[in-house]
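**Student:** Residues per chain, in single letters:
Protein chains: 2
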Amino acid sequence: MIDIKTITVVGLGVIGGSFVKALKDQGYRVFGIDTSLDTLKKAKEEGYIEEGFIDGTKIIPQTDLTIICLYPSLVLDFIKNNSFKKGSIITDATGIKGYFIDQAIDLAGDQAIFISGHPMAGREKKGFEYSSKEVFLNANYILIDHRIEDRSALAFMEKLVGRLGFKSIKIMSPQDHDEVIAFTSQLPHVIAVGLINSDNQKFDTGKYIGDSYRDLTRIANINEELWSELFLNNKENLLNAIEQFETQLDLIKLALESNDSAKLKEYFIESSTRRQKL
Amino acid sequence: MIDIKTITVVGLGVIGGSFVKALKDQGYRVFGIDTSLDTLKKAKEEGYIEEGFIDGTKIIPQTDLTIICLYPSLVLDFIKNNSFKKGSIITDATGIKGYFIDQAIDLAGDQAIFISGHPMAGREKKGFEYSSKEVFLNANYILIDHRIEDRSALAFMEKLVGRLGFKSIKIMSPQDHDEVIAFTSQLPHVIAVGLINSDNQKFDTGKYIGDSYRDLTRIANINEELWSELFLNNKENLLNAIEQFETQLDLIKLALESNDSAKLKEYFIESSTRRQKL
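As they're listed, the protein sequences go chains A and B. Throughout, our numbering is defined as the position within the first sequence, counted from one, plus 8. Throughout, our numbering is defined as the position within the second sequence, counted from one, plus 8.
Some hints here could point you the wrong way.
Listed below are the simulated SDA-like cross-link pairs for lysine to any residue, each with C-alpha atoms no more than 20 angstroms apart in a straight line [stated by the list, open to error]:
(1) A:Lys-133 with B:Arg-283
(2) A:Lys-271 with B:Lys-215
(3) B:Lys-273 with A:Pro-80
(4) B:Lys-210 with A:Glu-132
(5) B:Lys-32 with B:Tyr-138
(6) B:Lys-215 with A:Ser-181
(7) B:Lys-215 with A:Leu-172
(8) B:Lys-285 with A:Glu-132
(9) B:Lys-285 with A:Asp-212
(10) A:Lys-285 with B:Thr-213
(11) B:Lys-133 with A:Gly-218
(12) B:Lys-215 with A:Lys-261
(13) B:Lys-133 with A:Ile-179
(14) B:Lys-261 with A:Lys-285
(15) A:Lys-215 with B:Asn-245
(16) A:Lys-215 with B:Gly-173
(17) A:Lys-210 with B:Ile-179
(18) A:Lys-215 with B:Asp-153
(19) B:Lys-243 with A:Lys-167
(20) B:Lys-261 with A:Thr-255
(21) A:Lys-271 with B:Glu-233
(22) A:Lys-261 with B:Asp-153
Because the hints were derived from the structure by calculation, they are not lab data.
Based on the provided sequences and hints, a complete structural model is requested.
**Tutor:** Take a look at the structure:
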């Protein structure tokens, strides 16, 4: 039976910081690992962690649940370089799953149960100071059901993230996750980057915008290291999503070229209906 | 010399309603015209207009500034069907200019000075109840400098909209307006519609989204009558803007296909820099 008493969050950025903040007063002993001593000091002083560590040597072998909030490429390194408590749970918060989940499970071996997760929440700004438990409030969460024998561990994770403020928690395969995420998260980032980079800068754009341009380009302020990694490791799905989107652009262009007001209205009614349902 | 004492706002929807609300306590006698008696009653009871009318017969000949907040196609009808006070100003709030501005000026004739304007503000929801003076606060405004002999009238309009809360007021030709608007306003609407309509609906999308998809599709809830009119009457500029955007999508696709991490990062750094400047 799963019995979680100690939780260690690895990487106290926006997501990891929000985890320790949301975990406060949930009855766990919470520890933090970060390379920044300042961040660890702050998290401890503010009462979010009992103790901070710059690596996992001391604390990970005593931890029942390890929440790794690092870049995808570093998750595998962290699992490889640490000794986990027998029967403990390891989870992560990365935005793509298929390309690394089997390696992660293999590395965890018979030490720990790896249950991959994806909090669909974040902020444009990086770092602990932008984290808060409100980041998670009413957001969506995805848990990956892949090679998990101990179903009670998965049930525990589902219950836990619900208590941390997430509203919808979906359980799916890594393949389905990566496909849906290519559309709902990666494609919007491609669009935002493409939109702002397509500005020919003939005019002083900022003086001619309303909320629409502001909203559509907000995420064009993008962490290039993280997102190039996310995109390239999910490129088949992302390319499909871009092409589906381009098909719709083509339909709109065709309606414009042929002065087809009826078609345009049809697309707008469809998009309005879909948006209202959301 | 321009001497504005009475202002009549035609069409008390989100924009017209926000005009009468922002005009309160600015020292003018403000009147309203709307086809809805309920709206007129409400605007009068709440103290935003001195009197309401269902057409312009009585009030327009006594009005110093007429602010027409109707769909583009109805602006011309309104000017045609009304008698304006000699030397008064007529302005509008439509999102495109080139295709109708000469007709509007010709119709106004020697009765009134037509100074076209574009408040870059709005709400997703329609109607007087969603109007407020905050809609205009810190938003951008464009005034069109085209066949205006009385420069003091243009100067008055610039000063007035500044007092109504707009932060940046730009004066430009109808051609430049329509070009820049195709990019900053129309293209984002095309993208939002295309994005949400490209959803293959294999998954229950709403459960797998974060703020990015929500933000990028907010304006996909779009008034089909208004926007088909705006798009079709500015189609050359809009098609150019869509094509410029597609060029950027192609660059991103190429970088993905060729696993070119360096290129992706270059695009992301460019987009981030541009967004931070905004």
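**Student:** Now tell me, hint by hint, if it's right for this structure.
**Tutor:** Each hint, compared with the structure:
A C-alpha spacing of about 13 angstroms is found between A:Lys-133 and B:Arg-283, which places the hinted pair at or below 20 angstroms, so the restraint holds. Of the pairs offered as hints, the one joining A:Lys-271 and B:Lys-215 is violated, with about 30 angstroms between alpha carbons and a cut-off of 20 angstroms exceeded. Of the pairs offered as hints, the one joining B:Lys-273 and A:Pro-80 holds, with about 16 angstroms between alpha carbons and a cut-off of 20 angstroms not exceeded. The hinted pair formed by B:Lys-210 and A:Glu-132 fails the criterion: a straight-line CA distance of about 29 angstroms is larger than 20 angstroms.
As the CA atoms of B:Lys-32 and B:Tyr-138 are separated by approximately 17 angstroms, the hinted pair is consistent with the 20 angstroms bound. The straight-line distance between the Cα atoms of B:Lys-215 and A:Ser-181 is roughly 15 angstroms, inside the 20 angstroms bound, and the hint therefore holds. For the proposed pair B:Lys-215 and A:Leu-172, the alpha carbon gap of about 17 angstroms is at most 20 angstroms, so the pair holds. A distance of roughly 15 angstroms separates the Cα atoms of B:Lys-285 and A:Glu-132; the hinted pair therefore holds under the 20 angstroms criterion.
Restraint check for B:Lys-285 and A:Asp-212: the C-alpha separation of about 11 angstroms stays at or below 20 angstroms, so the hint holds. About 10 angstroms separates the Cα atoms of A:Lys-285 and B:Thr-213, which keeps this hinted pair within 20 angstroms; it holds. The straight-line distance between the Cα atoms of B:Lys-133 and A:Gly-218 is roughly 15 angstroms, inside the 20 angstroms bound, and the hint therefore holds. The suggested pairing of B:Lys-215 with A:Lys-261 is violated, with an alpha-carbon distance near 30 angstroms, which exceeds 20 angstroms.
Taken as a hint, the B:Lys-133 and A:Ile-179 pair is broken in the structure, with Cα atoms around 35 angstroms apart against an allowance of 20 angstroms. Distance check on the hinted pair: B:Lys-261 and A:Lys-285 sit about 30 angstroms apart at the alpha-carbon level, beyond 20 angstroms; violated. Between A:Lys-215 and B:Asn-245, the direct Cα distance comes to roughly 19 angstroms. Compliance with the 20 angstroms bound is thereby established for this hinted pair. Taken as a hint, the A:Lys-215 and B:Gly-173 pair is honoured in the structure, with Cα atoms around 15 angstroms apart against an allowance of 20 angstroms.
A distance of roughly 15 angstroms separates the Cα atoms of A:Lys-210 and B:Ile-179; the hinted pair therefore holds under the 20 angstroms criterion. Between A:Lys-215 and B:Asp-153 the CA atoms are separated by roughly 17 angstroms; this keeps the pair inside 20 angstroms, and the hint holds. For the hint linking B:Lys-243 to A:Lys-167, the alpha-carbon distance of about 52 angstroms lies beyond 20 angstroms, and the restraint is violated. Between B:Lys-261 and A:Thr-255 the CA atoms are separated by roughly 15 angstroms; this keeps the pair inside 20 angstroms, and the hint holds.
The straight-line distance between the Cα atoms of A:Lys-271 and B:Glu-233 is roughly 12 angstroms, inside the 20 angstroms bound, and the hint therefore holds. The hinted pair formed by A:Lys-261 and B:Asp-153 fails the criterion: a straight-line CA distance of about 30 angstroms is larger than 20 angstroms.
Of the numbered hints listed earlier, those contradicted by the structure are 2, 4, 12, 13, 14, 19, 22.
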